[in-house]
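Student: Sequence:
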Amino acid sequence: MKQYLDALKYVLENGIDRQSRTGIATRAVFGMQMRFNMEDGFPAVTTKKLPWKSVASELLWFIEGSSDERRLAEILHGTRDASKATIWTANAEAGYWKPKAKFQGDLGRIYGVQWRRWIGHDGKEIDQLANAISMIKENPTSRRIIVTAWNPGELQEMALPPCHTFFQFFAANGKLSLQMYQRSCDMFLGIPFNIASYSLLLHMISQVTGLKPGEFIHILADAHIYHNHFEQVKEQLSRKPFPLPKLWLNPEIKNIDDFTMDDIKLENYQFHPQIKAEMAV
Numbered sequence: 116m117k118q119y120l121d122a123l124k125y126v127l128e129n130g131i132d133r134q135s136r137t138g139i140a141t142r143a144v145f146g147m148q149m150r151f152n153m154e155d156g157f158p159a160v161t162t163k164k165l166p167w168k169s170v171a172s173e174l175l176w177f178i179e180g181s182s183d184e185r186r187l188a189e190i191l192h193g194t195r196d197a198s199k200a201t202i203w204t205a206n207a208e209a210g211y212w213k214p215k216a217k218f219q220g221d222l223g224r225i226y227g228v229q230w231r232r233w234i235g236h237d238g239k240e241i242d243q244l245a246n247a248i249s250m251i252k253e254n255p256t257s258r259r260i261i262v263t264a265w266n267p268g269e270l271q272e273m274a275l276p277p278c279h280t281f282f283q284f285f286a287a288n289g290k291l292s293l294q295m296y297q298r299s300c301d302m303f304l305g306i307p308f309n310i311a312s313y314s315l316l317l318h319m320i321s322q323v324t325g326l327k328p329g330e331f332i333h334i335l336a337d338a339h340i341y342h343n344h345f346e347q348v349k350e351q352l353s354r355k356p357f358p359l360p361k362l363w364l365n366p367e368i369k370n371i372d373d374f375t376m377d378d379i380k381l382e383n384y385q386f387h388p389q390i391k392a393e394m395a396v
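All residue numbers for the sequence shown refer to my numbering, where the first residue is 116 and numbers rise by one.
Just so you know, the hints here were simulated from the structure itself, not pulled from any lab data. Be aware that one or more of the hints could be misleading.
In silico lysine-lysine, DSS-like type, Cα no more than 27 Å apart, as pairs [claimed, not checked]:
#, residue 1, residue 2
1, Lys217, Lys252
2, Lys168, Lys369
3, Lys327, Lys290
4, Lys164, Lys369
5, Lys361, Lys163
6, Lys290, Lys252
7, Lys239, Lys252
8, Lys327, Lys117
9, Lys164, Lys355
10, Lys117, Lys163
11, Lys199, Lys217
12, Lys369, Lys163
13, Lys168, Lys199
14, Lys391, Lys327
15, Lys380, Lys355
16, Lys163, Lys290
17, Lys252, Lys369
18, Lys117, Lys369
19, Lys349, Lys124
20, Lys290, Lys349
21, Lys380, Lys290
22, Lys349, Lys327
23, Lys380, Lys163
Could you put the whole structure together from the sequences, leaning on the hints where they help?
Tutor: Below is the structure:
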């Protein structure tokens, strides 16, 4: 995870201080890239604890095409009990969104809905993720193997417009790589989560298409550190990283929709203690 720590340090030392939508100032750099080769190990941050179950459950929830925060709680905790929070609870309960919600837990037409049920010009649903998987199998050299969550016509129907907006696949020499563009990058809280999530997605789609996972390339647009995270960032940068863990996926799974939490495990994961910080909403 040297790539991530180097990027974090660069933003802290070279970023421009700006105000933000949340009311908390940020220090930001515009335009960065990180590359993670899956042969080096699974890129889970080790200089603090990664909430792995939250990463895996959110990705499965996206893959389901769900926008119901209660369903995310069910995947993560095994119950829809409202007292069991998820990383989306604050967004679901935000004052600006609640008047728009159609039911308790509704988050609108967010990531998974766009991935699996984008509405085309003719009113029919487009399953972008299934289409991408089919193209990897049938036309792997295509430069159109793309999934986008950024739908300008539906941004007002989302509890949070997508931060990670667009990803593309590249198949060559028996390996599959994934490149993702992220418009808004919370370097301390969000980015380690996003790195793990898209690396997991790369492994899952590699398995169901019969390829080996290659690289995850992460394009960071507005890469920022919130001012109230400065001390936490300095603490993280002072820690020595552990070796990267390994990812295990159930080899019997051949369909992207068949994965469950039991089919995904992070092995030999060593990490430093959690560093707490408030999420800006």
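Student: List, from low to high, the hint numbers that the structure doesn't satisfy.
Tutor: 1, 4, 12, 14, 16, 18, 20, 22
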